[in-house]
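*Asks:* Protein chains in written order, with my numbering: chain W, 1 to 116; chain F, 1 to 113.
Rather than coming from a laboratory, the hints here were simulated on the basis of the structure.
Some hints here could point you the wrong way.
[What the hints assert, rightly or not] 20 Å max Cα-Cα, derived SDA-like pairs, lysine to any residue: (1) F/49 / W/29; (2) F/105 / W/41; (3) F/49 / W/104; (4) F/105 / W/109; (5) F/105 / W/87; (6) W/11 / W/87; (7) W/11 / F/42; (8) F/105 / W/106; (9) W/57 / F/95; (10) F/105 / W/42; (11) F/61 / F/79; (12) W/57 / F/3; (13) F/105 / F/72; (14) F/105 / W/61.
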Amino acid sequence: GAGVSQSPSNKVTEKGKDVELRCDPISGHTALYWYRQSLGQGLEFLIYFQGNSAPDKSGLPSDRFSAERTGGSVSTLTIQRTQQEDSAVYLCASSSRGRLGTDTQYFGPGTRLTVL
Amino acid sequence: AQSVTQPDIHITVSEGASLELRCNYSYGATPYLFWYVQSPGQGLQLLLKYFSGDTLVQSIKGFEAEFKRSQSSFNLRKPSVHWSDAAEYFCAVGGDGNNRLAFGKGNQVVVIP
Numbered sequence: 001g002a003g004v005s006q007s008p009s010n011k012v013t014e015k016g017k018d019v020e021l022r023c024d025p026i027s028g029h030t031a032l033y034w035y036r037q038s039l040g041q042g043l044e045f046l047i048y049f050q051g052n053s054a055p056d057k058s059g060l061p062s063d064r065f066s067a068e069r070t071g072g073s074v075s076t077l078t079i080q081r082t083q084q085e086d087s088a089v090y091l092c093a094s095s096s097r098g099r100l101g102t103d104t105q106y107f108g109p110g111t112r113l114t115v116l
Numbered sequence: 001a002q003s004v005t006q007p008d009i010h011i012t013v014s015e016g017a018s019l020e021l022r023c024n025y026s027y028g029a030t031p032y033l034f035w036y037v038q039s040p041g042q043g044l045q046l047l048l049k050y051f052s053g054d055t056l057v058q059s060i061k062g063f064e065a066e067f068k069r070s071q072s073s074f075n076l077r078k079p080s081v082h083w084s085d086a087a088e089y090f091c092a093v094g095g096d097g098n099n100r101l102a103f104g105k106g107n108q109v110v111v112i113p
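Bound-form chain W, shown alone (with noise of 0.2 Å):
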């Protein structure tokens, strides 16, 4: 079947203004998460959404970050005046039930994001 797939591939901006960055889960899938992929940082976590569940937030790195997940389904990531610092690969995974010791998540290609 499909597999995670995330849009654009490819985000070139400019510092300060706000960007999205979409993903669309494994279909069934309860759990969504987002990570950030940069050089000298590696892949960190960001945030998780489980079903009707409240996110955790707790990887988000300011508060120019936010993430929505509508329906149950899809996700956007938003950044809000984008910095420099910001620039990385945006990975998303999805996996079926949301809890980590007995799922796996499946990731999605990424989103580029230079901010120039």
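Fit chain F to the known structure of chain W by using the hints.
*Replies:* Structure of chain F alone, referenced to chain W:
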């Protein structure tokens, strides 16, 4: 908080030679361990996982990894590498009730003829 250490960031190996990538984790409870592989332009793809049971797990691509609790390790091995194994490999740890994966910095594997 959990953490993962992957030494030897860049590894060059000859085609046909053996490969071992080291992974050490820090986690206070029962760990759930993963190896992901990322090829250029590709997303992370699951290679192996350990949740419980047999401590030696194997993948269809000829890789294996062994969980050693006493050493807090989950090293990845392949007896004979192929040119297509050139990629970046990430070890990750999660745990029961914890919703996030902690990743190591990754191993960039280069395969030479």
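*Asks:* Check each numbered hint against the structure and report the violated ones by number, ascending.
*Replies:* none
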